[in-house]
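Chain order of the listed sequences is Y and B. Read left to right, the first sequence gives residues 780 to 1089 (this note's numbering). Read left to right, the second sequence gives residues 435 to 755 (this note's numbering).
Calculated directly from the structure, the hints in this document are not laboratory data.
Here are some of the chain B residues that sit facing chain Y, going by a computed Cβ distance under 10 Å:
| id | residue |
| --- | --- |
| 1 | M711 |
| 2 | R718 |
| 3 | I727 |
Every residue, glycine too, gets a C-beta built ideally from N, C-alpha and C.
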Amino acid sequence: MESTLTQKKSPKMIQNKKNPKLDGASTVSPFQIFKREIVKDKVALVSLVILVGITLLVTVIPFFINEAELTHVDLFNTNQPPSADFWLGTNHSGQSVLGILVLGARNSLTLTIMVTLLTGSFGILFGLVSGYFGGQTDNVLMRVVDFFNILPTLVIIIVFVTLVDWSYLNMMFILSAFAWTGIARLIRSRALQERELEYVQASKTLGTPHMKIMFREVFPNILPLVIVQMTLSLSANVGLETGLSFLGFGFPFETPSLGGMIRTATNPTVMQNRWWVWLPALVLVFVLMLSINNLGQCLKRATDARQRRG
Amino acid sequence: MIKFIIRRLLLTLPQIVILSFIVFLLAQAMPGDALSGMIDPSLSPEAIAGAREALGLNLPWYTQYWNWFTGMLQGDFGRSFVHRTDVTTVIGQRLYNTLGLSILTLVLTYAIAVPLGIIAGRYNGTWKDRIISGYTFFALAMPSFTMALLALFFFGFQLGWFPTGGSVDPFAFAAGGWTYIMSRLEHMFLPALSLALISTTAIIQYLRSEIVDLEGREFIITARAKGADEKRVYNKHIFRNSLLPIASFLGFQIVAIIGGAIFVESIFVFPGMGQLMITSITARDFSVMTILILMFGVASILGAMLSDIILTLVDPRIRIK
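Could you put the whole structure together from the sequences, leaning on the hints where they help?
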């Protein structure tokens, strides 16, 4: 990556007034490259704005509304179509669909972000160890990954969910337990390449401890890849979580969630006559996944110097 | 090549054994056992204890596992205590329904994906390509259940083109023959289409980038330099090279369809294995559930194997390993 950067010689990199000792290449961090690429790619920029907007709204709004009042069952106001009082109407319990949507999005996003962070960190650790040490270690660790890959993941997750009491932590561990292999595989193949490079060999010769080489030297070099992969897996996890809640094996029924809202559409009457109960949640899931994918694709392009637009 | 195929076939055996072991452990973790469905309130505790002994439930776990595993090889899948009959009877017809759905999904997937991928690759950068790439991008952001719900909403309820549930009309069932087959296909079409629309994306994207990549290769430039017309360049040189690896997607499609079937069958109230899975979990029918997990698992193992074998058949470079 460094060599391509120096070849490009953009004026920004050559003029380094603060620290003239450093050459051009080493002053460009992956975050600067990401930033430049996002600014250049308007679709990704819009996606980022939408994502940040939705995240802020669903985190901030619940502080200003009374959750108990919102989830309160009101039998006089059931199944109202959208109106000035209820912008998205009410559901079969007389709750405001818009309010439930905000709470549901918050719950779903919280869980998926937790899962993504956990699978990401574990996948990085596993892949880095496997790829860096290589040989026998790699062989054994990759058989573990293979083993997870032959499992029919979705059904096994469902079985675990039914066996275990519901809590955010339990849910996070169950989902993560079957979703970390993809990222581990990817990090491993990249770490396998890195260990052959001179800087790792040189550092080993100097007697640097393995831990330090792995986390202080190899890790920063694969960080861009990690960020890209975690963005893309966030989208996959949103799909997985809403899917599980849709089937009734995600969030408990009384907790608002995006999948749970879409589930109401399995009732033919609701699907045909009360689109406002289920369609907003479905559209929100779609918008979330689309924006995350857009952003991920843009970041992915940024990690490859040949495809960059910025 | 035969050596590789045999080696790959042998590799699936330990995988299936490991899977069966996991499923057995899961079954042990679930409440209730093979006896739960047969207990009558009037039975004395001694009779129950006797029955437990007779069924071998007091044996050590490894003996139980062995009995369970060998029993299955002989076609003994246990009894469902919700349906009060053999698991084989419960699964029976549903297996064929899901099989039919999967085959139709595969056919639709390839029928949609291959032409679209070729067009997107050949007319790379034009409006045709942009529309097709846009479609793959939108489809990637849709979990299979949202696609199925929208298909049901628009084509099932709003337009009324297709039936909204079940696997066959009762009158068509009585009529038999051609009406029967058509009714089955009609019921299967919408679920299969919504699954296929999602699974086309991987194939389209692969084909497109493969064709674009091949365009710049030397043998294509040579072919053009020889004066071969565009039709010949595409049909004889590019498609032949880019279409073959698509065959290996088959195995992964099977794995994807298994996951998708659970959602789609529940949405379309289609009496298949995916729907049975959900209903038996909610009914706590653990004996049926165990067998279903095992069948789904074996299907995905076989799917992965199929992919590898097809890939070796079409791409000689892989065989060396």
